[in-house]
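**Student:** Position chain B with the ligands against the provided structure of chain A, taking the given hints into account.
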Amino acid sequence: MIEYATRPVTPHTLVVLMQDHPGVLNRVSSLFRQRGFNIESLTVSNTDTPGISRMTLVVDGNTTNVEQVQKQLYKLIEVTKVTEVTHEPHVSRELALIKVSTTGNKRPEILQLIEVYKGVVVDVGADSVTAEITGPRDLIDAILGVMRPFGIKEFVRTGIIAMARGSAN
Amino acid sequence: MKLNGARILCESLMREGVDTIFGYPGGVVIPLYDVFPEYPSLRHILVRHEQAAGHAAEGYARATGKVGVCLATSGPGATNLVTAIADAHMDSTPIVAITGQVPTTGIGRDFFQEIDTTGITLPITKHNYLVRNVADLARTIKEAFYIASTGRPGPVLVDIPKDVIVSETLFKYPDTIDLPGYKPTTVGNMRQVRQAISVIKEAKRPLILAGHGVIVSRAYDELKQFAEQAQIPVMVTLHGIGSYPCSNPLYFGMIGMHGHAHTNLAIQEADLIIGVGMRFDDRVTGKLSTFAPKAKVIHIDIDPAEISKNIKCTVPIVGDIKTVLTSLNNELPRFEHREWMDQIEAWRADRREPHVTIDDSAPIPSTMPIKEIYKRTREPAIIVADVGQHQMWAAQEFPYDNPATFISSGGLGTMGFCLPAAMGAKVARPEATVWAVAGDGGFQMTMQELATLVESRINVKIAIINNGGLGMVRQWQDLFYDKNYVAVKMYQPDFVKLCSAYDIPAKNIERPRDVGAAVDWALATPGPVLINFEVQREENVFPMIPPGLGLGDMVEGSQPKTLQLT
Ligand SMILES: Cc1ncc(C[n+]2csc(CCOP(=O)(O)OP(=O)(O)O)c2C)c(N)n1
Ligand SMILES: [Mg+2]
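Line order of the protein sequences matches chains A and B. For the first sequence, this note's numbering assigns the number 1 to the initial residue and increments by one for each residue that follows. For the second sequence, this note's numbering assigns the number 1001 to the initial residue and increments by one for each residue that follows.
Isolated chain B, as found in the complex:
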């Protein structure tokens, strides 16, 4: 059957199991949009800015593990996608970004809306393609999905010139993939697995640091079995949140710059660190030379380039987390680390927040809306946090037992991520209650997507943790720049009035006593709603490892203390 490029693309997407495309039309992709009505099973969601299409594809992917798809026209459409592609690249999120390109005859002549899209995205994609011939299109789409979703996932971009979209060829979707240079290792080397077990055997104070890889590999059960069999405490990275049930006695919370104090103390005392699907990022390790000074390191990851990139490791195991943990579990004896666990538990107990009665005449404490959201939202729930103080509080307070319920921009730390990503997550998992927990700053970066929520009937509950400006930047200015507050206080619109322009029900909440009821109201109200929580203006997130310093330099309390930036 002879089909044009537009139809070949649609046929190929359907064969890859795509049901949703987040996109925005423009000149060169009009012939592609022209055929969309012929493919009703491909739902096109029209966003209000291409960056949001990218983040929505990410949200879709993070909520399901399936590849998210976004689409933009050439030139400005493609450049608007760049932030989201970079975000997906840093957070290993499988998306396929499709961009239109000027006709092949125009490429290189500064055609209207020509931009070197593959050149721009080369360092921020796992791979990218410029399809110069319609005969290559089906194969390219097949490869793009395969590359995006296998090994260490990531974004793949396919740039399709207009003449390729309109020219015809015989359509046959390939059955096989031929990529001689792409063969991800999935099965761990058995010698190293055994070596790891003998290192675990000797350890008195071992820790598991679980990361995003556990979620990507869907290795929840294997991780739980591993931890329980070896009785090793589990701590998670920001993206590891949700990889282990929070109510399990072996679970001890989040590590890193704003991790729980007891986790960072434990890392500094540990004699063995088992990194599972994480990359010893600087926000986790602090100053490298002082990280876990007493520990040997077992590092399990699918990406060989992560091994010994930052931290010298004693036993590397390259492979898919699920597969590697299964081989470990098969040979792992039972261990006990009672004393060590008691020690960490004691550190944790020392730091339990005292029960305080909240003063209703004072402004709302920043964490209160987040706690109430967690308390009142029944699973399945997906929390999508933006970037800033509220993100760290949302991470610290995370209580759920189910996997993959916390989504945030970690590696790139992209403000504006949460609303469109929540949109994507909700479309992907309609049965889940999806909260977008945003800062007042970040929300304003992508709030144009309120229109998309209404138009495409996407039921996202939005909570703005409104501290009157760029809280995280203010915190750094407070702690490291002598309270020299510059460009952090913000004029803000009336968010309730803003929502009324979109016909979205919304409330301002200013008093602690109204917080819980407002959350219940949001949950009970059909469709998208927004609550603007006016919280305390100058709270800081603690604990904190000051940038450039080590885990041992953790600042725990809210004591006003000026620290030196290194």
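This is chain A alone, in the form it adopts within the complex:
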């Protein structure tokens, strides 16, 4: 989207709890599609409470009305709680796997950089190194930038999971 490029992205992070009925993810994605909400990332998994799933959603506040997103999510019968954590103290993490080309004797340099970014080497091949990085979104973006000149053979990130700091309510 052109608008996207010319305007800065303001990511809003929402934590959504919902009953894990069949089709509930379909309801969420159908809602986003129908109302034209832009999803930056979406992760979902089960929780410690049986029957309840937890979703972390990142939407771009510039292209999407975040208040409407929350209210429309609440209208889904199976959604029990929606919390926006963007403006609260919270921890957000993402996991990425990155496979970098090591041709041209660059391996020591790459290994050093991985260490700087607190990455863990999970695989070493004849002409590549694969690292696992965990951290906030920016950190993943940063290491991606640093590794790009060496040649990225493969890259995958999970999307953000987030949690408010302090005591749970």
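A couple of the hints might just be wrong.
[Said to hold, decoys possible] Simulated crosslink set (EDC-like; lysine to aspartate or glutamate; CA at most 20 Å straight-line):
1. B:Lys1142 with A:Glu78
2. B:Lys1309 with A:Glu67
3. B:Lys1183 with A:Asp20
4. B:Lys1204 with B:Glu1228
5. A:Lys81 with B:Asp1178
Calculated from the structure, these hints are not laboratory results. These figures come from a predicted structure and were not determined experimentally.
**Tutor:** Frame of chain A, contents of chain B with the ligands only:
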């Protein structure tokens, strides 16, 4: 007691107070129909097309506030219901749609008449269910009725596979509902109620815009008390018609694209808009950026997602209209807005139709049959309008004082709605005189239901406002497309002959002098009747806010003027 799914469904429906099912059988629901004779208190009305079953359920619901029920088989039966479900979704109408599904073992294998019904209806239902286990059936029906009828009402679909219909389990209807994610707010926040009162206190030119929510919440008395206590003029949306007595001095008519001119002028001058159970739909606001430029907005609605969706609001109050208005009324002082009311009254008086003598050699003016129907039909009366010019005229001329007497398809604007919806309304409220006011176009979309009227002895009076084609589309082509009339003139059957095939008494009326007598004839004739009123061919509905423009751009007269579409 062990019962099969079919009987569990019937038992559950009876416990929800259902007395009527509008339906149509087919393969997978035959075992359900098989048990109907055991439940004589559930009246099954056999329609001629499933869409009509859906609209009839809507008509039933709109006329009573109770949940309407429709039933269809899998595949084409279910897809035929889709339009009506979407209509109910847009107009917040509580219906429960029950569809048969292929056996669970067949689902996903493109079985004969398999269609992903819950997938198709996901975005047009408030909620839907695929019942995979007969043990879940009773609970699902209980939840479906609860969800359909509470909060902001809407359609709920329950898809039941054939094996679930025939397999047995112990039947026990649950006493309680466990829906942790569904807790509609009904009581308004008191801080916001007080804030609203202080905003009302400051207002010099306030307006109440009353919508469907008032009728859904049965808040007529509360709205009247609110308006009278605060002396605030009341205007209504299309679906708000009937929420306020038309003869009350505070009542000023309908707003919106074809609303009364004085209401749209008032909105543009108002310094406070109080939206009560309405959603600032585009047909009400016109171009958003120019809507009510001088006004603060108090918005009362049960659906939090409506607050600030279209119009930025100063004071939101989320809650049930009846409850919120009661808390407002409890704390509201008396106000006076004499000058403001006089101003609106003056705008209205300037536009009173001059008394014209109707030329009997000319064709019937389009609004004449509608006016005569209103004049000659004693309450309780229910007017069900279809979609098009006649709908807007029926809305503009609405005169009654009793609630919930105007029913129409607003949000979806579904042509063909009126005959089946009128059918449902009449079944629900047999004591009322029910008129289906249809266009010649829309009538032909669901006229197969004439057979249902006869077969099930449903006394609906039908008036076709026949302008020889698709009047509303022709109006747009006239005003915005240089009179380039394409696909709007229609060949029509002889409606009187058509009715004679069904043994329905019918008349063609072509002269103004016969209109009144024809209406009286329809009212005096037992059972369903039809009058085909041949009206003027090229009348337009005014006032009109041209699409995409603002309330300030209202076109009032019938001056032939080409306008630019934006
Ligand atoms: C199912 C459906 N198809 C198309 C339309 C678009 N449409 C809106 S009004 C109208 C003309 C209706 O003609 P008629 O029923 O004769 O009523 P009139 O406007 O002439 O009073 C049409 C085609 C619609 N609203 N619904
Ligand atoms: Mg017509």
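**Student:** So which of the earlier hints does this model not fit?
**Tutor:** Violated: none.
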